[in-house]
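Please build the complex by placing chain B with the ligand on the supplied structure of chain A, with the hints as guidance.
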Amino acid sequence: MDRQAWFAMSTEIKNWDAIFVGAGITSLACAALLAKKNPGIKLLLVDKHIVAGGYASVFSRPKANATFDCSLHKLSGMQHQGNLQRIFEYLGLDNALELVYPEDYFCSFFDDHSLPLPNDANGVEKLLCKQFPAESKGIKTFFEQVRTFGRNGYYQFQMQEGSFEPDIAQLRYAHKNLKNITVEQGLDELFDDQKLKEILAAPGIYVGGYPEDLGYLYYLHVVYATLNKGNAYVKGASQNLSNTLAKQIEDAGGKIQLGTKVEEILVDDNLCVKGIQTKRGNFYSDRVYVNVSPHYAIEHLFDEKIDFTDIKEKLRALKPARSTTTVYLTTDCSPQELGVIHSESMIFSSQLCNAAVQRKAAELNDFDEQLSEEAFWKHSPMEVTNYYKLDSAGGYVICLNVLDSIKHWPMRRTQPYREKKQRAAEIMTQRLINHVPQLEGRINYSEVSSPHTYVKFTNNTDGSGYGAMVSTDLSGHLFHRKFPVKGVEFVSAWVAGPSYEAAFGYAEMKAKKWRAA
Amino acid sequence: MNYENIFEASVEIICDLKDFDEDEVKGDMTFEQLDLDSMDFIELQVVFRKKFGVNMESEVFADGKVSTIDEMCHYVLELRQAA
Ligand SMILES: Cc1cc2nc3c(=O)[nH]c(=O)nc-3n(C[C@H](O)[C@H](O)[C@H](O)COP(=O)(O)OP(=O)(O)OC[C@H]3O[C@@H](n4cnc5c(N)ncnc54)[C@H](O)[C@@H]3O)c2cc1C
Numbered sequence: 001m002d003r004q005a006w007f008a009m010s011t012e013i014k015n016w017d018a019i020f021v022g023a024g025i026t027s028l029a030c031a032a033l034l035a036k037k038n039p040g041i042k043l044l045l046v047d048k049h050i051v052a053g054g055y056a057s058v059f060s061r062p063k064a065n066a067t068f069d070c071s072l073h074k075l076s077g078m079q080h081q082g083n084l085q086r087i088f089e090y091l092g093l094d095n096a097l098e099l100v101y102p103e104d105y106f107c108s109f110f111d112d113h114s115l116p117l118p119n120d121a122n123g124v125e126k127l128l129c130k131q132f133p134a135e136s137k138g139i140k141t142f143f144e145q146v147r148t149f150g151r152n153g154y155y156q157f158q159m160q161e162g163s164f165e166p167d168i169a170q171l172r173y174a175h176k177n178l179k180n181i182t183v184e185q186g187l188d189e190l191f192d193d194q195k196l197k198e199i200l201a202a203p204g205i206y207v208g209g210y211p212e213d214l215g216y217l218y219y220l221h222v223v224y225a226t227l228n229k230g231n232a233y234v235k236g237a238s239q240n241l242s243n244t245l246a247k248q249i250e251d252a253g254g255k256i257q258l259g260t261k262v263e264e265i266l267v268d269d270n271l272c273v274k275g276i277q278t279k280r281g282n283f284y285s286d287r288v289y290v291n292v293s294p295h296y297a298i299e300h301l302f303d304e305k306i307d308f309t310d311i312k313e314k315l316r317a318l319k320p321a322r323s324t325t326t327v328y329l330t331t332d333c334s335p336q337e338l339g340v341i342h343s344e345s346m347i348f349s350s351q352l353c354n355a356a357v358q359r360k361a362a363e364l365n366d367f368d369e370q371l372s373e374e375a376f377w378k379h380s381p382m383e384v385t386n387y388y389k390l391d392s393a394g395g396y397v398i399c400l401n402v403l404d405s406i407k408h409w410p411m412r413r414t415q416p417y418r419e420k421k422q423r424a425a426e427i428m429t430q431r432l433i434n435h436v437p438q439l440e441g442r443i444n445y446s447e448v449s450s451p452h453t454y455v456k457f458t459n460n461t462d463g464s465g466y467g468a469m470v471s472t473d474l475s476g477h478l479f480h481r482k483f484p485v486k487g488v489e490f491v492s493a494w495v496a497g498p499s500y501e502a503a504f505g506y507a508e509m510k511a512k513k514w515r516a517a
Numbered sequence: 518m519n520y521e522n523i524f525e526a527s528v529e530i531i532c533d534l535k536d537f538d539e540d541e542v543k544g545d546m547t548f549e550q551l552d553l554d555s556m557d558f559i560e561l562q563v564v565f566r567k568k569f570g571v572n573m574e575s576e577v578f579a580d581g582k583v584s585t586i587d588e589m590c591h592y593v594l595e596l597r598q599a600a
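So the protein sequences, as listed, match chains A and B. Per my numbering, residue 1 is the first one in the first sequence, and the count goes up by one each step. Per my numbering, residue 518 is the first one in the second sequence, and the count goes up by one each step.
It should be emphasised that the hints constitute simulated quantities derived from the structure, not laboratory data. Keep in mind it's a predicted model, so treat the numbers as computed, not measured. Incorrect hints may have been included.
To be verified - Cut-off 27 Å, straight-line C-alpha distance, at most; resulting in silico cross-link-like pairs (DSSO-like, lysine-lysine):
(1) A/LYS48 <-> A/LYS235
(2) A/LYS312 <-> B/LYS582
(3) A/LYS176 <-> A/LYS140
(4) A/LYS137 <-> B/LYS582
(5) A/LYS195 <-> A/LYS261
(6) A/LYS312 <-> B/LYS535
(7) A/LYS274 <-> A/LYS512
(8) A/LYS512 <-> B/LYS567
(9) A/LYS195 <-> A/LYS126
(10) A/LYS176 <-> A/LYS319
(11) A/LYS319 <-> A/LYS42
(12) A/LYS482 <-> B/LYS543
(13) B/LYS568 <-> A/LYS305
(14) A/LYS319 <-> B/LYS535
(15) B/LYS567 <-> A/LYS319
(16) B/LYS567 <-> A/LYS176
(17) B/LYS582 <-> A/LYS486
(18) A/LYS274 <-> B/LYS582
(19) A/LYS255 <-> A/LYS42
(20) A/LYS314 <-> B/LYS568
(21) A/LYS512 <-> B/LYS568
(22) B/LYS582 <-> A/LYS513
(23) A/LYS195 <-> A/LYS360
(24) B/LYS543 <-> A/LYS176
(25) A/LYS314 <-> A/LYS486
(26) A/LYS378 <-> A/LYS48
(27) A/LYS247 <-> A/LYS482
Claimed, not checked - To list a few chain A residues with every Cβ distance to chain B over 10 Å, as calculated:
(28) ALA64
(29) LEU99
(30) GLN160
(31) GLU161
(32) GLU165
(33) SER350
(34) VAL448
Just so you know, even glycine gets a beta-carbon here, dropped at the ideal spot from N, CA and C.
Here chain A stands alone, though its shape is the one from the complex (with noise of 0.2 Å):
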């Protein structure tokens, strides 16, 4: 069907079953499984984008012959038993899709030595015992701490419909001495070493947080999803993935209408939702799906005369996550011939004690320009992914990422930008250049991405790719409840969770709710 006859047929079907705003990962998994379930159903996903997924997603440079992958697109949860590789399952996307199981979990590199981290719980565990022996108590404390209170957390959905029962004492224990303190202070009374609480508080990265903003007992869940679960990435990266539930959603009679911008969600005299508008025309329906920043979502798609107050009042303690900084490189030959030898790397500062202290100063000095380029980009752990050994069709790429603040950044588009882009590039390059030094002279492609950018391409706030942080404070994580409007749901990072698969778990319990609502 050509686009203008596609256009009059979605304007005649006045009620579409439900309408996602966003076509991310979590509007796509959810319509994927909303699809499965219930044969038939009338789903309309729209994205401002030209492609599906977004963060899920890649962009091209063919003069660099590469294809760069917007998030990391490091899968948890795909071993037995894994919430993830359930999901994947019951999708047929084991079978759709090519996996990569990486070797190791990461490797870690400090100054003076290199520590490549197993895939696997228990030899992290043996390995750090062995590495740092004055340590080994609190290291066993920890991996239990992992494997009851994490695994307790990462089951929390089927803790709410009953197929998981957790231990009633475990959890008392958990929400009195592990749910208000953070994971710098949970580590701290672990530890003394600094360079073990740097390895074991690096995976922070997957969530958007650093060891002071994140809560221990939502970050032990992390370590369980992203180490006992198992992690695995997609050949063809989280293009791969997004377009390949676009494909079901569509095969099923759904339909993913790109590079259109919702402008409004319509709501009737009655508060009810009744679809969006769009320059392409409105669509109907009383079911609508916000995909995007609820911040972005308040202010920029509802009719100013809604009363938001207390809904904005529960927004406010809902503080973005970190965004992130990210330099793309590519190099003229395979990085594993020049010393880049595992999928993903940490590299750890020389000045390990300061770098928290050095985020705390900018963030008391408001966001200081030195103090957030020392503190963020200098000192504070750089993941590094080798993409080009987990997929070598993307061609010679190596991905670098820093947690950062957009606060330091000038707008787009002004000189300032431009040579602050320029000043990330050469600075964290040359961090990997010093640990991998046959890289000198090697990249001959670099760019960077900073938080204006994602802001740029999914409006999330402040350019968080991870929705909220998950800290000590989640009051403002149930900001929808009695949200104003029937009708309207969020399905997004901002609700769900960091990550690919807190997407696909909240978006299969809405997909159950389905009827019920």
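Only chain B with the ligand this time, still in chain A's reference frame:
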């Protein structure tokens, strides 16, 4: 099992979750006043299932049908009676 039993149990759990004293918790208090967060709700669901054998749906909390301790107790009682 009557309303009073359920109310007593609710007060006990809430005091435990939120460090209130028992005489501070009143039936007409809203969840906002009690400062319950998303993890607290999950714990409430788990404890009520174990204690009273009922499955409280998250939706009734989300859409505001159940907003106070009293309403929660009535909801649990209804679920018990329907079982
Ligand atoms: C650098 C980075 C690395 C990451 N690494 C990992 C990882 O390795 N593993 C992992 O599990 N998770 C990772 N994450 C997290 C994961 O990518 C996110 O949690 C997830 O992709 C968020 O999905 P979402 O559904 O919330 O939607 P988003 O991806 O935020 O998508 C929202 C969509 O809404 C669209 N939109 C916005 N406004 C409008 C409008 N007005 N009209 C129409 N459409 C609109 C946008 O175009 C976008 O497509 C990473 C994130 C980042 C940033």
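A/LEU99 remote from chain B - nearest C-beta pair above 10 Å: Its Cβ never comes within 10 Å of chain B, the nearest being 31 Å, so this holds.
A/SER350 non-interfacial with respect to chain B [C-beta, more than 10 Å]: Answer for A/SER350: holds, closest chain B Cβ roughly 38 Å.
Agreement of A/LYS48 and A/LYS235 with the hint, judged by alpha carbon distance not exceeding 27 Å: The hint holds at about 26 Å.
Distal placement of A/VAL448 relative to chain B, Cβ over 10 Å: holds (35 Å)
Minimum Cβ-Cβ distance from A/GLU161 to chain B exceeds 10 Å: violated (7 Å)
Restraint check for A/LYS512 with B/LYS568, where alpha carbons must lie at most 27 Å apart: holds (25 Å)
Non-interface label on A/ALA64, tested against every C-beta of chain B at 10 Å: holds (43 Å)
Restraint status (C-alpha distance of B/LYS582 to A/LYS513 at most 27 Å): holds (16 Å)
Given hint B/LYS567 paired with A/LYS512 - CA-CA distance at most 27 Å: Roughly 23 Å between the alpha carbons, so the hint for A/LYS512 and B/LYS567 holds.
Pair hint outcome, B/LYS582 versus A/LYS486 [Cα-Cα no greater than 27 Å]: holds (13 Å)
Proposed proximity, A/LYS126 with A/LYS195 (alpha carbon, max 27 Å): Cα-Cα ~16 Å, so holds.
Restraint status (C-alpha distance of A/LYS314 to B/LYS568 at most 27 Å): Cα-Cα ~32 Å, so violated.
Checked against the numbered hints listed earlier, the structure breaks hints 4, 5, 11, 13, 15, 20, 26, 27, 30, 31 and 32; every other hint is satisfied.
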